[in-house]
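Student: Sequence:
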Amino acid sequence: MGVKKRSPTKTIEATPHPEKEHTLIKPYKKEVIDITGYKSASNINARTEFRKFTEATSNGPYIHIHTHPSEAPHLNFWDKLDLYFQGVGKKEIEKWKNITALPSGADMGQLIITDDERTMDIAVRNPKTGEVLGYNVLRKTKKTPKWGTARAYIQKHFFKGVMNLINYNLLGLGKRSEELSKDKIKYHKEVLKAVKSGNYQRANEALEIFADKYSLQHRMVPAQNYKVMETKGTFVNKGLEQTVSVFIGIGGLLISLLFLSSNFTGFAIANLTQRTSNIIGMILFIVSLIVLFFIMKRRKN
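Going by the working numbering, the sequence shown opens with residue 1, and the numbers climb by one from there.
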């Protein structure tokens with residue numbers, strides 16, 4: 001019997017320094033690998049240990065996972081300076097927690113130009129406890145344009161593939177690079193405007209436009225006991241919502257048994273006939289089972 005693989009969430013939550021952004025790789029049919037360069041990683045920028053990245057991506061297509069903090073991060077001088085030149089001030093940083101699950105323009109650009117990166121998962125993580133609240137999953141489709149940077153492509157067309165990597169990652173020359181650069185900047189500006197105005201729907205609309213142009217699929221996947229926030233940009237604790245749902249389900253079962261028990265005890269409920277009592281009891285029983293089924297299914301997912 002094989003050893004059970006550890007889930008991506010368990011792997012992420014086990015990593016140290018939850019206040020820092022982490023980057024991880026999940027090769028297909030293998031466990032998640034932490035490739036974070038901890039010495040250079042900051043609270044707003046994930047850094048990659050090159051050797052680990054090379055080893056983790058050596059077999060071709062993979063899923064790229066990186067974390068975003070669920071709260072406004074504590075920034076050092078250089079982080080503040082970096083954000084300042086992006087037009088992000090102190091007030092915007094505090095508001096950013098409302099859309100922390102959304103990708104940055106740089107995230108989107110890296111996903112597009114890296115052919116082997118088939119999926120990008122943004123894990124929203126509590127910077128104090130390390131708990132994962134949920135994921136924003138962005139997945140490429142068959143219609144997503146190829147950029148000639150895949151490992152398989154480079155093996156067949158070495159010189160051209162290497163030049164593509166250098167150009168798209170460093171130089172940014174050519175019509176395609178220029179167009180992608182404009183799209184990234186436009187997306188970033190729209191997100192920034194959304195944060196400044198408090199109209200977070202604007203940020204989601206900008207993501208939709210970008211995703212539609214490059215044929216990406218995306219969806220928010222909350223962890224157990226969490227739900228997608230109304231801004232559709234992060235996750236919040238369900239609080240009493242799930243407890244109430246369980247209470248309703250179990251309560252419904254107990255009440256249904258009360259109606260059905262009249263068959264055996266002869267106890268009459270509100271002068272109902274035995275037939276009516278049976279019907280009400282069965283309806284409550286079935287509805288309660290359905291409610292509990294969906295609660296358990298959601299918890300499992």
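Hints listed in this document are in silico derivations from the structure and should not be mistaken for laboratory results. There's no promise every hint is true.
No more than 27 Å apart at the CA atoms, straight line, and that leaves these computed lysine-lysine pairs for BS3-like [unchecked claim]:
1. Lys95 <-> Lys80
2. Lys142 <-> Lys128
3. Lys91 <-> Lys160
Simulated DEER-style distance windows between Cβ atoms [as the list claims (entries may be wrong)]:
4. Lys160 <-> Ser58: 32 to 40 Å
5. His74 <-> Gly174: 18 to 26 Å
6. Gly60 <-> Arg219: 20 to 28 Å
Every residue gets a Cβ at the ideal spot worked out from N, C-alpha and C, and that includes glycine.
Student: Each hint should be assessed against the structure and marked as holding or not.
Tutor: To see whether the hints hold, each was checked on the structure:
1. Lys95 <-> Lys80: 15 Å, holds
2. Lys142 <-> Lys128: 39 Å, violated
3. Lys91 <-> Lys160: Status violated; Cα separation ~45 Å.
4. Lys160 <-> Ser58: 32 to 40 Å: With Cβ atoms ~20 Å apart, the hint is violated.
5. His74 <-> Gly174: 18 to 26 Å: 40 Å, violated
6. Gly60 <-> Arg219: 20 to 28 Å: At roughly 24 Å between Cβ atoms, Arg219 and Gly60 fall inside 20 to 28 Å, so the hint holds.
Checked against the numbered hints above, the structure breaks hints 2, 3, 4 and 5 and satisfies the rest.
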